[in-house]
Amino acid sequence: MAEMWINMGPQHPMTHGLWNLRIKVDGEVIIDAMPEIGYLHRGMEKLFENRTYTQIAPITDRLCYGSSFTWNHLFCLTAEKLMGLEIPERAKYIRVMTIEMQRIGNHLMWIAAYAADLGLLTGFIWALREREIFIDLMQALSGSRLTYNYARIGGVAADLPPDFERDTLRALDYFERKLPEHEALYEKSKIFMMRNEGVGILKREDAMNLGVTGPVLRASNAKLDIRKDNPYEVYDEIDFEPQCSNLCDCFGRYLVRMNEMKESCKIIREALRKMPKGPVRVKTPLEGSPGEVFGRVEDSRGEGMMFLIGDGTDRPSRLKVRSPLFVTLSAAKKMLVGYKVADVVAIMGSIDVCMGETDK
Amino acid sequence: MAAGPSAFQSRLAKELPPLLDNAQLDFKAKDDFLATLTCDKGNVLKLGKILSEKFGFEHLSLITTVDRIERFELVYQITSYQNHCMLEVRVAVPKDDAKVPSVTPVWGGANWHEREAYDMMGIVFEGHPDPRRILLPQDYKYFPLRKDFKMDGE
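Chains as they are written, first to last, in our numbering: chain D, 1 to 360; chain L, 1001 to 1154.
Hints were generated in silico from the structure; no laboratory data involved. Do not take every clue at face value.
Said to hold, decoys possible - Once the Cα atoms are required to be at most 25 Å apart in a straight line, the calculated SDA-like pairs of lysine to any residue come out as:
no.	chain 1	residue 1	chain 2	residue 2
1	L	Lys1147	D	Asp206
2	L	Lys1049	D	Asp206
3	L	Lys1049	L	Ser1102
4	L	Lys1147	D	Thr313
5	L	Lys1150	D	Ile59
6	D	Lys228	L	Ser1006
7	D	Lys334	L	Pro1105
8	D	Lys81	L	Asp1032
Based on the sequences and whatever the hints tell you, model everything.
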């Protein structure tokens, strides 16, 4: 058969954002792949160098619309490290709770998109229905639905609104009751299982070498979670188990994310239970001290990192963002080669593509 | 926070320089997780191989490029999951000879980080398998993260 290159994207239902996957095929079989990115590049890192620390916080929200709070929080965490600030205990618990809500929201957004990719439109509607509850909670907290700008350097923007704890516990009860229905919908679907099991295998050694992190790495049989290995905020006081799977395929990644949502529910409950009373924010200086620090968190997609160089003025001299998906996407070739064109959608969907953070 | 160096870090400080012909590495343990060292740009690939093969540094987290006006600087953050250690390797790159050996043969994850470093700062990685721009158009003429590249309104 004649070999040829096919462009999937930049406009293609599979891309979830704007990027181009070039695949080389021999008949139906993929023999080479080349992701091309940059269509959504907004020059974030240059912007950061020309904004004050306070002005940067809302921009970091725009790194990823699906998981904006984790980025907002990561920036504040890094800036606090640079300024040498210790934030109030209550703010730490509120942040942990919000991060986990964001993680659930993000994983639901993923499963919605993934289900729609694989032809399960019911899954799409169900997942977005549950996600709406968490978005409502985040809206009660911060006032907006997607880009929250809720973390502040020195704490969080505001304390919990009245009855927030009651509403959250209700939402969690409802969600935990509904989750088995979701699992049954996918795992009893023959089509879903056929398109997932044994597809897109990424072995542990390859995943490690290619710098893959997050749910994709944990699905390749590596129990690595920064929340556990290098706890930030108050994760060291919270009892949870990083989820992993030894399947190494798309179904493994699905399992990891589904189980992570259950763990997140547990974490939110525990954070609400242990949350002390007190202030939620401390006064912060406008200028960052000179120095070089990095912040590292477990984003919904993997290892999120910021490397911040301050020069004593109110603007950073350099702020570098490590986006987990930027690296995971570069491992696409390893996952794709040897499978059929029809598997591309499942394999690329299973890594949870978000172009905002990838292109920066 | 300010814990002393771990046993692994002490071992690293002792065993690493002899493997690199006693190069000046300026090894410093900041706490029991993070350690920093500086490396000569010619030794980058050799250091990478040693770290990954002998000391279990299996994950390259991040490559940052910094424009220090009189020179460029590369900061590699390399993680060892098994030894619970992160190494910050700093490499000075002169502006008139901005070429560094690529570490992609050691860590596949470095591939796109190095392409981005070239794209934004114009540092060339020798031996890189695919040394094209990554985010900006291929025919773009500038390196926007250099400090002499000014934004509108400045």
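Against the structure, the hints come out as follows:
no. : hint                     : verdict
1   : Lys1147(L) to Asp206(D)  : violated (37 Å)
2   : Lys1049(L) to Asp206(D)  : holds (17 Å)
3   : Lys1049(L) to Ser1102(L) : holds (11 Å)
4   : Lys1147(L) to Thr313(D)  : holds (16 Å)
5   : Lys1150(L) to Ile59(D)   : holds (20 Å)
6   : Lys228(D) to Ser1006(L)  : holds (18 Å)
7   : Lys334(D) to Pro1105(L)  : holds (15 Å)
8   : Lys81(D) to Asp1032(L)   : holds (17 Å)
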